[in-house]
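> The lines below spell out each chain.
2 protein chains.
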Amino acid sequence: MSASANPEFMQRAIRLACENVRSGNGGPFAALIVKDGVVVAEAANSVTSTNDPTAHGEVNAIRQACKTLGTFTLQGCEMYSSCEPCPMCLAAIYWARIETVYFGCDCEDAARAGFDDSFLYKELRLPRSERMLKTVQLMPTEAWESFQTWIDAENKVDY
Amino acid sequence: MSASANPEFMQRAIRLACENVRSGNGGPFAALIVKDGVVVAEAANSVTSTNDPTAHGEVNAIRQACKTLGTFTLQGCEMYSSCEPCPMCLAAIYWARIETVYFGCDCEDAARAGFDDSFLYKELRLPRSERMLKTVQLMPTEAWESFQTWIDAENKVDY
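Chains P and Y, in that order, give the protein sequences.
Number 52 in my numbering belongs to position 52 of the first sequence; there are no gaps in the numbering.
Number 62 in my numbering belongs to position 62 of the second sequence; there are no gaps in the numbering.
These are calculated hints, taken from the structure and not from any lab test.
Any given hint could turn out to be false.
No copy is singled out in the list; a pair is fine if it fits within one copy or between any two copies.
Unchecked claim - Listed next, the in silico SDA-like pairs over lysine to any residue satisfying Cα-Cα at most 20 Å (straight line):
{"no.": "1", "residue 1": "K67", "residue 2": "S46"}
{"no.": "2", "residue 1": "K35", "residue 2": "E154"}
{"no.": "3", "residue 1": "K122", "residue 2": "T149"}
{"no.": "4", "residue 1": "K35", "residue 2": "D152"}
{"no.": "5", "residue 1": "K122", "residue 2": "E8"}
{"no.": "6", "residue 1": "K134", "residue 2": "R112"}
{"no.": "7", "residue 1": "K156", "residue 2": "E19"}
{"no.": "8", "residue 1": "K67", "residue 2": "E19"}
{"no.": "9", "residue 1": "K134", "residue 2": "Q75"}
{"no.": "10", "residue 1": "K122", "residue 2": "W144"}
{"no.": "11", "residue 1": "K35", "residue 2": "R97"}
{"no.": "12", "residue 1": "K134", "residue 2": "Y121"}
{"no.": "13", "residue 1": "K122", "residue 2": "E142"}
{"no.": "14", "residue 1": "K67", "residue 2": "T50"}
{"no.": "15", "residue 1": "K134", "residue 2": "C107"}
{"no.": "16", "residue 1": "K134", "residue 2": "S4"}
{"no.": "17", "residue 1": "K35", "residue 2": "R12"}
{"no.": "18", "residue 1": "K35", "residue 2": "Q11"}
{"no.": "19", "residue 1": "K134", "residue 2": "D152"}
{"no.": "20", "residue 1": "K156", "residue 2": "D109"}
{"no.": "21", "residue 1": "K134", "residue 2": "D158"}
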């Protein structure tokens with residue numbers, strides 16, 4: 001356990017994850033985002049109730065924290081998640097610039113409960129052509145226009 | 001180019017990505033989701049305008065397609081994206097059960113335009129303890145309650 005970890009926040013994430021199952025809102029996952037010792041967002045998985053496959057607890061918490069703080073990054077924030085993040089959530093955590101993640105169950109626990117994301121880590125490690133997902137490049141020369149437009153744009157908001 | 005790819009959809013994604021920069025809505029990325037030859041969603045990156053670091057074009061398109069179709073998976077759907085998906089979007093594509101992704105620019109083009117996600121692919125490949133992101137496990141025994149609640153739950157919606 002890290003010296004700065006606050007077990008109350010993890011207890012809260014676990015309780016939210018349990019309540020989320022009982023209420024029928026979604027899967028057994030919840031996350032809090034904390035800044036300077038204060039909870040700025042808490043959210044649970046809502047994939048099935050909101051018809052959103054990206055609505056994992058961590059992604060929902062990131063979206064809510066950014067809305068609350070009025071920012072699109074979360075520097076200086078920590079996440080407390082009832083479970084180790086899946087690759088989608090982990091990547092979202094990097095994009096959000098969250099600095100520390102405390103997690104309860106790990107991915108092996110999740111797999112035992114029927115939530116196995118190891119296939120996804122394996123897929124992400126493979127070269128594009130070896131993945132199960134079919135990916136095909138089309139019209140790269142034309143598509144460069146999108147980046148050229150960005151490069152040429154004035155007053156753009158970098159992120 | 002795949003025999004079944006429709007270049008009009010890619011042209012549309014590229015046009016949306018360019019318009020997205022010009023309008024100031026966000027980064028130079030857009031994606032369409034197509035089912036049975038019909039566009040069911042189209043969306044562009046809105047990270048900076050909606051304060052949502054997860055609002056990449058692909059994630060926005062997935063969320064919109066699910067809303068339109070009233071489902072939380074997109075079996076039988078294809079994505080046309082102006083750029084190769086980042087790891088977050090790629091994982092979201094797997095969770096959404098999208099079967100084929102056509103992309104315009106690749107990740108090397110993106111890096112040349114200032115959007116380098118290669119660090120993220122590297123991080124995801126590393127064991128947890130070697131990543132830049134600090135991750136700490138807390139209270140795994142208590143956290144198992146969330147999964148036990150799920151295992152014991154009746155009438156749950158699997159996903």
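> Compare the structure with each hint and give your call.
Here's how the hints hold up against the structure:
1. In this assembly of identical chains, K67 and S46 lie within 20 Å of each other by CA distance both inside one copy and across copies; the values are 18 Å within and 13 Å between.
2. When the C-alpha separation of K35 and E154 is checked against a cutoff of 20 Å, the pair qualifies neither within a copy, at 33 Å, nor between copies, at 36 Å.
3. Taking identical chains as interchangeable, the C-alpha atoms of K122 and T149 are never at most 20 Å apart, the minima being 35 Å within one chain and 28 Å between chains.
4. Taking CA atoms no more than 20 Å apart as the test, K35 paired with D152 passes in neither setting, with 36 Å inside one copy and 34 Å between copies.
5. Within a single copy, K122 and E8 get their C-alpha atoms no closer than 34 Å, and across copies no closer than 33 Å, so neither meets the 20 Å cut-off.
6. For the identical chains of this complex, K134 and R112 are neighbours neither inside a copy (29 Å) nor across copies (25 Å), given an alpha-carbon limit of 20 Å.
7. For a Cα distance limit of 20 Å, the shortest separation of K156 from E19 across copies, 13 Å, qualifies, whereas the shortest one inside one copy, 42 Å, does not.
8. Taking the shortest Cα distances, K67 and E19 never come within 20 Å of each other, neither inside one copy (23 Å) nor across copies (25 Å).
9. Taking CA atoms no more than 20 Å apart as the test, K134 paired with Q75 passes between copies only; the shortest distance there is 13 Å, against 35 Å inside one copy.
10. Taking CA atoms no more than 20 Å apart as the test, K122 paired with W144 passes in neither setting, with 30 Å inside one copy and 25 Å between copies.
11. With identical chains, the CA atoms of K35 and R97 are at most 20 Å apart within one copy only, with a shortest distance of 13 Å there and 35 Å across copies.
12. Taking the shortest alpha-carbon separations for K134 and Y121, both the intra-copy value of 17 Å and the inter-copy value of 19 Å come in at or below 20 Å.
13. Taking CA atoms no more than 20 Å apart as the test, K122 paired with E142 passes in neither setting, with 32 Å inside one copy and 29 Å between copies.
14. In this assembly of identical chains, K67 and T50 lie within 20 Å of each other by CA distance both inside one copy and across copies; the values are 18 Å within and 8 Å between.
15. In this assembly of identical chains, the alpha carbons of K134 and C107 lie at most 20 Å apart only when taken from different copies (16 Å versus 26 Å within one copy).
16. Taking CA atoms no more than 20 Å apart as the test, K134 paired with S4 passes between copies only; the shortest distance there is 12 Å, against 44 Å inside one copy.
17. Taking identical chains as interchangeable, the C-alpha atoms of K35 and R12 lie at most 20 Å apart only when both belong to the same chain, with a minimum of 16 Å there against 41 Å between chains.
18. Proximity of K35 and Q11 under a CA criterion of 20 Å is satisfied intra-copy only: 17 Å inside one chain copy versus 43 Å between copies.
19. Proximity of K134 and D152 under a CA criterion of 20 Å is satisfied in neither setting, with 33 Å inside one chain copy and 37 Å between copies.
20. Within a single copy, K156 and D109 get their C-alpha atoms only as close as 44 Å, which misses the 20 Å cut-off; across copies the closest is 19 Å, which meets it.
21. Neither within a single protomer nor between protomers do K134 and D158 lie at most 20 Å apart by alpha-carbon distance, with minima of 31 Å and 25 Å respectively.
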